[in-house]
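Those sequence lines, one after another, are chains G and H. Note that the working numbering has the first sequence beginning at 1, numbered continuously upward. Note that the working numbering has the second sequence beginning at 1, numbered continuously upward.
Honestly, the hints are just simulated from the structure, not real lab data. These numbers were taken from a predicted model, which means no experiment stands behind them. Treat the hints with care, as some may be off.
[Stated by the list, open to error] Beta-carbon label-pair distances, calculated as ranges:
1. L82(H) / G385(G): 32 to 40 Å
2. L90(G) / A4(H): 34 to 42 Å
3. A77(G) / A85(H): 34 to 42 Å
4. S42(H) / D161(G): 29 to 37 Å
5. A37(H) / A162(G): 23 to 31 Å
[To be verified] Restricting the straight-line Cα-Cα distance to at most 30 Å, the calculated cross-link-like pairs of lysine-lysine (DSS-like) are:
6. K370(G) / K314(G)
7. K314(G) / K383(G)
8. K389(G) / K370(G)
9. K7(H) / K370(G)
10. K370(G) / K115(G)
11. K7(H) / K383(G)
12. K383(G) / K370(G)
13. K76(G) / K115(G)
14. K7(H) / K115(G)
Using N, Cα and C, we set each Cβ at its ideal position, and we do this for glycine too.
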Amino acid sequence: MFDIANFGYDFATNRLVVGGEPMVLHCHHYNVFLQRSIQDAEYIDSAPILVGAAAEVAFAQLTNLLSRTAEIPARKATVEALYRACGLGLIDLSALTDRGGAVRTHSTHYSTGWKEKFGVSRAPVAFFSTGFLAGALAAIYHLPLSDVQARQTACRSMGADADVFELGRGPADFTIFAPRRNPVLIAVGNDVEPATSVDRAAVTRAVAEMQLPVNDEGLIPVFGVYATRLHADYYNRISFAFEGEMTEAAGRQGVEIAADLFIEAGHICAFNTMGGIMCSPEWDALMSPMLNTREDWVHGIVAWWNACGYGTGKVVDLSPTALTVRLYNDYESVGYNRMYGTADHGVGYLVTGGFAGIMNLIYLGDIHTKPALTPEFYDRLFKGGRAFKARMTTCQAMGDPYTEIRAELAEPTAAEGRREGARASA
Amino acid sequence: MIRAAEKVYDCLHRERYRYTLGAVVDESLLAHYGDAAAFDVSVYDARHLLPQARVTFRVEPRDGRFLINGALGLDYVTITYLRDAGMAATRSAQEAILAGLM
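Chain H with its partners taken away, still in its complex shape (with noise of 0.2 Å):
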């Protein structure tokens, strides 16, 4: 569930999102991105030196139109869309993913 949509500057004139979720982020999020072939999901898990440390990701299509940052256990992501004519629809399927989040 998306609790606020909140449009963040972003100075590399892409349209930004920082989206405060109804629950903190877990590993269901990123099953939503599971094909590889079509996502660059990358992972850093810094426990072994930070213990209180949440682990951040980093979700980024291969067509490059959307960027997705954000740690397990933090209650927001932020998005970032690339300025196009699909821009719209892109934004669309994320938000409706986020918001089928528990």
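Isolated chain G, as found in the complex (with noise of 0.2 Å):
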């Protein structure tokens, strides 16, 4: 029985490997943020890209995963499994022929993530789930990709009692990708960081061995947020191909209009999953005894940071007012180089967001006096005026070492002229 238990956390490259995949922790702000970011473009067709991605993850996992798997059931039993240890919910797949078939279940991340973070759904949202559910269908029965078709017809999220897919079979009606290439990654620095009194390589394994809660609707409520751990290559894909279809219609406007809504995704993810982490008795557990001043709140927290699967994050500066972090093979960087090769510009916009906003927590937001994360406590800290403001000065996709990012407390100004998030050389 397929157990992620099983597979061990790399704390040589701070990277969790299932079945080929790289895993990374996010929650449902996050999740649900970057896609109705990309949806919100209507003059772009992202549904097939949505389902394309996953079902690109899925089926490359489970080809690998059910690899010594011959029999039918088990093989389903596995997917089913992996499912629920993402987080994603709960599958049942008996069903389920290798002509396809309805899968129902009344528990999806998608589904209840959304309508949790954002109301009723005036559409089906489980993008995820759909595709994950037609690269699943490919490879329980060794079909190709190809040929197999899916579509969420009850959503959860639109008030329906399940969400109900439909699988079968006939030319994909979804985007199917060119293949990846190889991951590429590289030496991890050995970078001097200010002295603290967090012990950050013990504090990113203790974390790294810290078992999500995985409850019995298959969701993985830790942090005050639903979590996931998902395919890197999940938000790399949908990222990227949303940002070159932005190209296609607007130039070099479309990247920097997509840039700005991902590093947005950027600060939804540092608010609440690194706010809901400083905030949580977990972290109080682990890190008070030494957590003596702001500067080692940024040590730990970004100790923990290493621990979800990001890559290695260095801290090679910092001051109440700046912070500069080096990242070997973050996530989107090494995503980038096996699926388009060197990037031409920085793709560093989680990194780039989820720094800026560790700061404004810190510095601005005074997380450790456990400040209600709010709405209304969001825009304050991020749309207020004087916040933390990052550029990538490096990007390991662009042929660099490392990706760097430089975060800096900024006033605010009449004529606000710098972008957030270019690369200084751009």
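Grab the two chains, each in its own frame, and use the hints to assemble them into the complex.
Have a look at this one:
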């Protein structure tokens, strides 16, 4: 039986690889915000991208995981267990045949998360589950991914009592992407980090070894959010495919629009996931004796960040008004290189928004006082004028030896001219 | 003894409280949830890596009506309640347990 605990965390690169796919921790705020940002561009047909990206990673991963399992019931059981371990919810594939079938469930991360964050939806929202099931059908029955179809016909986010997915055979009704290359990882540098009372390596190890509690609904309610452990290349594919579509539609300006959206998603990630962590009893239990200054809080949360599968972050410069973080094998860069080769612009959007968000929480939001992480607080902290803004100074996806993020406290001015996220040399 | 019960914002539309206690939490709290058929209790001890760390725990009944997060040695726990018809009774029962702690 599949057990995600059998896949060890790679502390040399700070990645978790399951069935050949790197897996990363995110929360429902980030997941549904990123999806909605992509869907909001109505002039782009995003549904085939969202479904196709999930189908791509699920098919690749399950083909790997099922390679030594011959019996169909056992193959289905592995798929169901993986889905649950990811925090995606519950699925029952017993009625599935090689012709397809219906999958009905009362628990789906995206449907639940969407309704929690945005309220009732006008259309189905569980694109990841749709694509995952397409990939699963193909992998279970040794079919080409291009020969399966999948669509969601009912969605709990719309008020239905269940999510229903219809699977069938025929030319794929989602995007089939060009094959990815093998990932290229680089050696982590021996950077000197500022002194701190936080034992960074031990914290990363302790957090990575902490089991995520999956409840009876197949969801992971932790740190005040619904967490998931999903495929890094799902996030990469939907982001970069969207960015490509935007570039086709609007040229270089399309890249900038996409960057703004993805960096905002990074703020959302920092505020909710990292903020939730820093307000949790688990944080107090592991970290409290080591936290004497706000700088210790930064070192502490970067150590937690390194346990999320995102790659290795190192703090190389830190003051109350600025942070420089150097990232090795950040998953956006590694994924971009696998999918599209060398980038001609910085692609570290999550890390750009994420580290600006962390600085906002610690130095402006007084996260040590455990404030309520409300939407109003978010707006005050990120849209109220005085705030940390970050930019990429290097990016591994462009051939640089690491990705580096510089976050600086920016006072509001009458004419704000600096775009957050732009690479310094761009 | 409960010193303070502070309602905490919960983005999952549940009700969450942070209970500050008169003393630090010890194993006597977990003893109330020792029935493995009724409660799922998980603990995590990272002291082999972080000697000063505290042992964290989470308690969830099989029916999922509440979730306790805390750590031995901290003077507070958080309890998250599902919003349903039985929430008030569930909350009263958990608060009675906390109030009875020394």
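Hints versus structure:
no.	hint	in the structure
1	L82(H) / G385(G): 32 to 40 Å	holds, 39 Å
2	L90(G) / A4(H): 34 to 42 Å	holds, 38 Å
3	A77(G) / A85(H): 34 to 42 Å	holds, 36 Å
4	S42(H) / D161(G): 29 to 37 Å	holds, 31 Å
5	A37(H) / A162(G): 23 to 31 Å	holds, 29 Å
6	K370(G) / K314(G)	holds, 25 Å
7	K314(G) / K383(G)	holds, 27 Å
8	K389(G) / K370(G)	holds, 23 Å
9	K7(H) / K370(G)	holds, 12 Å
10	K370(G) / K115(G)	holds, 26 Å
11	K7(H) / K383(G)	holds, 26 Å
12	K383(G) / K370(G)	holds, 20 Å
13	K76(G) / K115(G)	holds, 29 Å
14	K7(H) / K115(G)	holds, 23 Å
Comparing the model with each numbered hint stated earlier shows that all of them hold.
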